Amino acid sequence: MEAGSVLAPRRLARRLPTWVAGLLPLILLGLGIALFVALDAPGLERRGIPLEELVVDRTVLSPGEIELQLRNDGPDPVEVKQVIVNDGFASFAQSHDSVGRLGEDTINIDYPWVEGESYEVALLTATGGTIDTEIEAATATPEAGASFYGLLGLIGLYVGVIPVAIGMLWLPWVRRIDPRWIQFLLALTVGLLAFLGIDAVLEGIELTSVESGASQAFGGSALVYLGAVTAYLALAGVDAYLRGRQRRHESRSDPSERPSRGGQTGAKPGGSGAYKLAFLVALGIGLHNLGEGLAIGSAYAIGSLALGATLVVGFALHNTTEGLAIVAPVAHEGEGGRRRLPRLALLGLIAGAPAILGAWIGASAFDASLAAFMFGLGAGAIAQVVVQIAPSIRDAAGRLLHPLAVGGLLAGLALMYVTGLLVSI
Amino acid sequence: MLGGSLAAASLPVAHALIPHESLHGGQTAAAQDPGHAAANGSPAHAGAGHRGLVGSVDPRVNGFDPAKIVRDFDYGRTRREGGRTVREWTLVAEDKEIEVAPGVKYAAWTYNGRVPGPTLRAREGERLRIEFINSSEHLHTIHFHGIHRAVHDGIPGVGPGNIEPGDSFTYEFDAEPFGLHLYHCHSTPLADHIAKGLYGTFIIDPAAGRAKADELVMVQNGIDTNFDRENEVYAVNTVAFAYEQNPIRVKRGELVRIYLVNLLEFDLLNSFHIHANFFDRYPTGTRLESTEFTDTITQGQGQRDILELRFPYPGKYMFHAHVSEFAELGWMGFFEVVD
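Just so you know, the sequences run in chain order A and B. For the first sequence, this note's numbering assigns the number 1 to the initial residue and increments by one for each residue that follows. For the second sequence, this note's numbering assigns the number 1001 to the initial residue and increments by one for each residue that follows.
No wet-lab data here; the hints were simulated from the structure. It is possible that part of the hints are untrue.
[As the list claims (entries may be wrong)] Think about it this way: if two alpha-carbon atoms lie no more than 25 angstroms apart in a straight line, the pair counts; the simulated SDA-like pairs of lysine to any residue are:
#1 K1105(B) x S98(A)
#2 K1105(B) x N108(A)
#3 K1068(B) x D1224(B)
#4 K1096(B) x T130(A)
#5 K1105(B) x A93(A)
[Said to hold, decoys possible] What the simulated footprint calls covered on chain A by chain B, stretch by stretch (three residues with Cβ under 8 angstroms from a Cβ of chain B suffice, anywhere in the stretch; the number is not a length):
#6 86 to 92
#7 117 to 126
#8 213 to 226
[Unchecked claim] Label-pair restraints from in silico Cβ distances:
#9 A144(A) x H1322(B): 41 to 47 angstroms
#10 P75(A) x E1172(B): 47 to 53 angstroms
#11 P75(A) x L1269(B): 37 to 43 angstroms
#12 V114(A) x H1322(B): 55 to 61 angstroms
#13 E1325(B) x A146(A): 43 to 49 angstroms
#14 E136(A) x G1315(B): 38 to 44 angstroms
#15 A146(A) x D1295(B): 56 to 62 angstroms
Predicted, not measured: the structure shown is a model, and the values here were computed from it. We put the beta carbon where it would ideally sit given N, CA and C, even for glycine.
Next up, chain A with everything else stripped away, as it sits in the complex (with noise of 0.2 angstroms):
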């Protein structure tokens, strides 16, 4: 009796399939979630006075209205009553009466608004609360029509695309170099991304700091990290798949050739993953500009863009060099002349086009907390370049710091800094 009593659990659960053992928990957990909530928390008080958040995501401005948009990122439905525009109260429509966590609301307030002028919106809420906004500088949003997105496809053209083809147009002077020089070129190239990496973090903060409203309710400046950390490994596995399978045919065709240093020291310049390499550093350059683009088309959706030939000759110089950086690792790259050209013009396609992607997306549908995590994609593909590129610096004696890498990175941060001088959003 007693052994059976305990022997039947055991043989009871190794009867069980393995994937009801997997789920089982998951089941209960499931089961006791649902009758906590239909039982509305027994046990449990609220404590205090709803805890009011709402973020506001987007202002759009009209003639004669102001249109916020909202999200409601605290844990208490929130009702929005009244609305105060510079400390008189103001008529509204909105979508929502009671916005629920994560909900979304527009209000639609009239206000004979004045171009240039600073508006302070208070909406006051149904315990009394008030969830304050501002409106630096009034201007009409712009109208989001074909012109509209022609206009932000030329502003992505001229900051991401056109500088990134010119800058890769130093290839031929690149390939006639001395081959000592490519190491400091490549030193160079991890400058700029370096400094590239540390920008996007930045901006991807600043984007989602909580002195500048955005929402938190997705994580804020935490995105920027989950995003750098999931690009990073991204990119290592597909790395490290492709290398697996490389290996694989390699061995296949040749049995005695290896893979130098146990496959850890990447692809080589002028070896056959250089292209690889050029493709990865075009990537990494591609997320940073889309984050870039996401900034330029929110600033100018709002106004307050400084558009003109300051920012698109900014921009330019600021951007040639990534060309730069993208040819570097292709420069004693030999084979495969005559589909030399199409690739080349891809590499520069994957690096630039995302500027405009990202202008038009940040002027239509801006969301803070999804550019922040483009930044953070930028920030961690650019890490992982840099990992990849790194070991084609080592000199002779396998150092890496050496005079000509060290002069080479801070030179590449030195460029960066100046031309970067020029932009401002």
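Fit chain B to the given chain A structure using the hints.
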């Protein structure tokens, strides 16, 4: 209008002939006049709405109606003691949620469930007893403006001091001097105890009374709904734009007397301005001579004036704080002058 001020000066003689009951005159006249009856809670103007406000406040939810408060005078209970009139009231402090603008709730502290509290009205020289019952969850007092002994001043630390929740105390003093006064809670923090709604108007009529008039009580106040020590809503008698959505009806040519009190907290000044008309001003109502003939006055915290005017023409006439910010945040209304 000079005539009006002369009439006021000669008033004590004329008023001595009017029996005591006529003290209620303003109210009685209002009830008899079909125009006034319509003004009391009539939905005729509801929904007209200020350009800025969305919706309107249902007085049934609050349990008090600005349209009624404006002409509501509480004369208490009277009896004779030793050949003297004794007037008694009971004021109960209650915590109550009120609606100060459409949909916007505020956890107020009230006397008798309304903000402002009842307008207590007595006659010079009477003995007054105010039983205070604290049904709130907090310490409170009632501090009356007037001339009285320290024990009955209603401040913490003197006499009964703070009245504990559940306790009561009867303040007792003579009705002096005649004029327009206040009462409010004096517990600390003082600004909070006042701003949350524990205040009201206290009128002592001159022994000889005042000239018959359509009498109105206007308590200028503000509501700090989010507790940031700034008011989000301004009003007369608590509800934003109440008289803008539902104008106060008055008769053309009739003497209108406004008991104007400033109980605004957090802002130092408040003001009153009337359109297309001028009024006589009797500061604190303690003298029977007008000191000024104007259309705009400014009051500091706790300051009050009796204003007298007649409307020569029919139509809608705006009145509001000439502090434009307050006007746009609720302190704006209309007189509707009818024949």
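To see whether the hints hold, each was checked on the structure:
Distance restraint check for K1105(B) and S98(A): the Cα-Cα separation of roughly 15 angstroms lies within the 25 angstroms cut-off, and the hinted pair is therefore satisfied. The straight-line distance between the Cα atoms of K1105(B) and N108(A) is roughly 22 angstroms, inside the 25 angstroms bound, and the hint therefore holds. Restraint check for K1068(B) and D1224(B): the C-alpha separation of about 24 angstroms stays at or below 25 angstroms, so the hint holds. Between the alpha carbons of K1096(B) and T130(A) the distance comes to roughly 21 angstroms, so the proposed pair stays at or under 25 angstroms and holds.
At roughly 20 angstroms between alpha-carbon atoms, K1105(B) and A93(A) fall within 25 angstroms of each other, so this suggested pair holds. Only residues whose C-beta sits within less than 8 angstroms of a C-beta in chain B count toward coverage, and the region 86 to 92 of chain A has 6 of them, enough to reach three; the restraint holds. Counting residues of the region 117 to 126 of chain A whose beta carbon lies closer than 8 angstroms to any beta carbon of chain B gives 4, which reaches the threshold of three, so the coverage claim holds. Given as covered by chain B, the region 213 to 226 of chain A fails the check, having 0 residues with a CB less than 8 angstroms from a CB of that chain where 3 are the minimum.
A C-beta distance of roughly 44 angstroms is found between A144(A) and H1322(B), which places it inside the suggested range of 41 to 47 angstroms. Checked against the hint of 47 to 53 angstroms, the C-beta distance between P75(A) and E1172(B) comes to roughly 51 angstroms, which is consistent with it. For P75(A) paired with L1269(B), a C-beta distance near 40 angstroms keeps the hint of 37 to 43 angstroms intact. Between V114(A) and H1322(B) the Cβ separation comes to about 23 angstroms, which falls outside the hinted range of 55 to 61 angstroms.
Evaluation of the 43 to 49 angstroms hint for E1325(B) and A146(A) yields a pass: the beta carbon distance comes to about 44 angstroms. The hint said 38 to 44 angstroms for the Cβ distance between E136(A) and G1315(B), and at roughly 43 angstroms that hint holds. A beta carbon spacing of about 57 angstroms between A146(A) and D1295(B) agrees with the range 56 to 62 angstroms that was offered as a hint.
Hint compliance for this structure: hints 8 and 12 are not met, and every other hint is.
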